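Number of protein chains: 2
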Amino acid sequence: MNKRGMLIILSGPSGSGKGTIVRRLMQQRKDTVLSVSVTTRSPRPGEQDGIHYYFKSHAEFKEMISKHQLLEYAVYNGDYYGTPEQPIRELLDQGKNVILEIEVQGAEKVMDFRSDLVSIFITVPSLKELERRLRERNTETEQSIFNRLEIAQKELSRAYRYDYVVLNDDVSHAAQSISTIIEAESMRYPYMENYILEVMKRA
Amino acid sequence: MNKRGMLIILSGPSGSGKGTIVRRLMQQRKDTVLSVSVTTRSPRPGEQDGIHYYFKSHAEFKEMISKHQLLEYAVYNGDYYGTPEQPIRELLDQGKNVILEIEVQGAEKVMDFRSDLVSIFITVPSLKELERRLRERNTETEQSIFNRLEIAQKELSRAYRYDYVVLNDDVSHAAQSISTIIEAESMRYPYMENYILEVMKRA
Numbered sequence: 001m002n003k004r005g006m007l008i009i010l011s012g013p014s015g016s017g018k019g020t021i022v023r024r025l026m027q028q029r030k031d032t033v034l035s036v037s038v039t040t041r042s043p044r045p046g047e048q049d050g051i052h053y054y055f056k057s058h059a060e061f062k063e064m065i066s067k068h069q070l071l072e073y074a075v076y077n078g079d080y081y082g083t084p085e086q087p088i089r090e091l092l093d094q095g096k097n098v099i100l101e102i103e104v105q106g107a108e109k110v111m112d113f114r115s116d117l118v119s120i121f122i123t124v125p126s127l128k129e130l131e132r133r134l135r136e137r138n139t140e141t142e143q144s145i146f147n148r149l150e151i152a153q154k155e156l157s158r159a160y161r162y163d164y165v166v167l168n169d170d171v172s173h174a175a176q177s178i179s180t181i182i183e184a185e186s187m188r189y190p191y192m193e194n195y196i197l198e199v200m201k202r203a
Numbered sequence: 001m002n003k004r005g006m007l008i009i010l011s012g013p014s015g016s017g018k019g020t021i022v023r024r025l026m027q028q029r030k031d032t033v034l035s036v037s038v039t040t041r042s043p044r045p046g047e048q049d050g051i052h053y054y055f056k057s058h059a060e061f062k063e064m065i066s067k068h069q070l071l072e073y074a075v076y077n078g079d080y081y082g083t084p085e086q087p088i089r090e091l092l093d094q095g096k097n098v099i100l101e102i103e104v105q106g107a108e109k110v111m112d113f114r115s116d117l118v119s120i121f122i123t124v125p126s127l128k129e130l131e132r133r134l135r136e137r138n139t140e141t142e143q144s145i146f147n148r149l150e151i152a153q154k155e156l157s158r159a160y161r162y163d164y165v166v167l168n169d170d171v172s173h174a175a176q177s178i179s180t181i182i183e184a185e186s187m188r189y190p191y192m193e194n195y196i197l198e199v200m201k202r203a
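Chains as they are written, first to last, in our numbering: chain A, 1 to 203; chain B, 1 to 203.
Hints were generated in silico from the structure; no laboratory data involved.
Since the model is a prediction, treat every value here as computed from it, not as a measurement.
Any given hint could turn out to be false.
Pairs of lysine-lysine residues, derived as DSSO-like cross-links and limited to a Cα-Cα distance of at most 30 Å, are as follows [stated by the list, open to error]:
1. B:Lys201 with A:Lys109
2. A:Lys3 with A:Lys201
3. A:Lys3 with B:Lys154
4. B:Lys201 with B:Lys3
5. A:Lys128 with B:Lys3
Next up, chain A with everything else stripped away, as it sits in the complex (with noise of 0.2 Å):
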């Protein structure tokens, strides 16, 4: 009665601190990992090939896009990003849990095809605690942060496209969180429902 893995979407705004959070949950779930993505760019000093990213050229990129191996992909900085597909098949083939940390636009390119899935949205307390958060890198013009609340906002307003929304306001208790819904989320119906097969068995 090995049970299926659950693909799970994590997103919200940039700042929101989903990357430090799936980190967290990582070190404390052996049951769920997080999904690698595919990219064009080249590796940064000790960055992996299939740990950090899978590192592919640009014809090979294409090739995948034209033989729809992508969950999803974007273009930042004139170089390709994606969500390769048959990785995460075969992780929840093998009952693992494969968390999708992706962006908003992402995020909701994913949720338009798949249904098979848990989407879970990061929230910050507010965006003044956003705003705070982009001062104390030191490393944002006024016009940047300006940019990035709007955006913030903007990402905020889809929400309501998400199951789940988790208030980041500390890390072990958002990590928490995700995790209380993963345990949840596996007691629902159908990956309950070999078990109650199994149950009803007389002798």
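Since chain A is already given, all that's left is putting chain B on it; use the hints.
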């Protein structure tokens, strides 16, 4: 940002331990209460009106039926039992989660015309284990044990109607599972919408 409570249907075969699990859950969660049924049967020693049941005359009960004040009702041994709608609505408005502990047939009647609820099916680990529990009571004849197992098997085949399936292998584990479901469900978008609207305010 006071949240509305959620309506939870808890059902499962007779002998699945619904009642024991609910009592354990009540001790742990102050935000969750058990719906009180209406009945025409006479109070037993120690039973209090409004706590164990709402005790009504046959005429009063029939008036409640005709005024559509019951979510569902049924007759056992010539007495009526039903689930009154108004106290549930009041508790939900106060932000309490309300549990309906209810037989499989009654549960389906409620699910047929309400979608704003979370439904949980409690299962025994096996029919063999249910048989053992029934024999342990020492009050059942062979025929009644046979009948009860037959009914339990039919009821298990209705589990697909429910959102969640919880295994009662252990009372405190099962109560914890329901608590996990309540935690996760309270992060669903509709419960978080007011929060998101607050976050989106700049200023």
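Looking back at the numbered hints, which does the structure fail to meet, lowest number first?
-> Violated: none.
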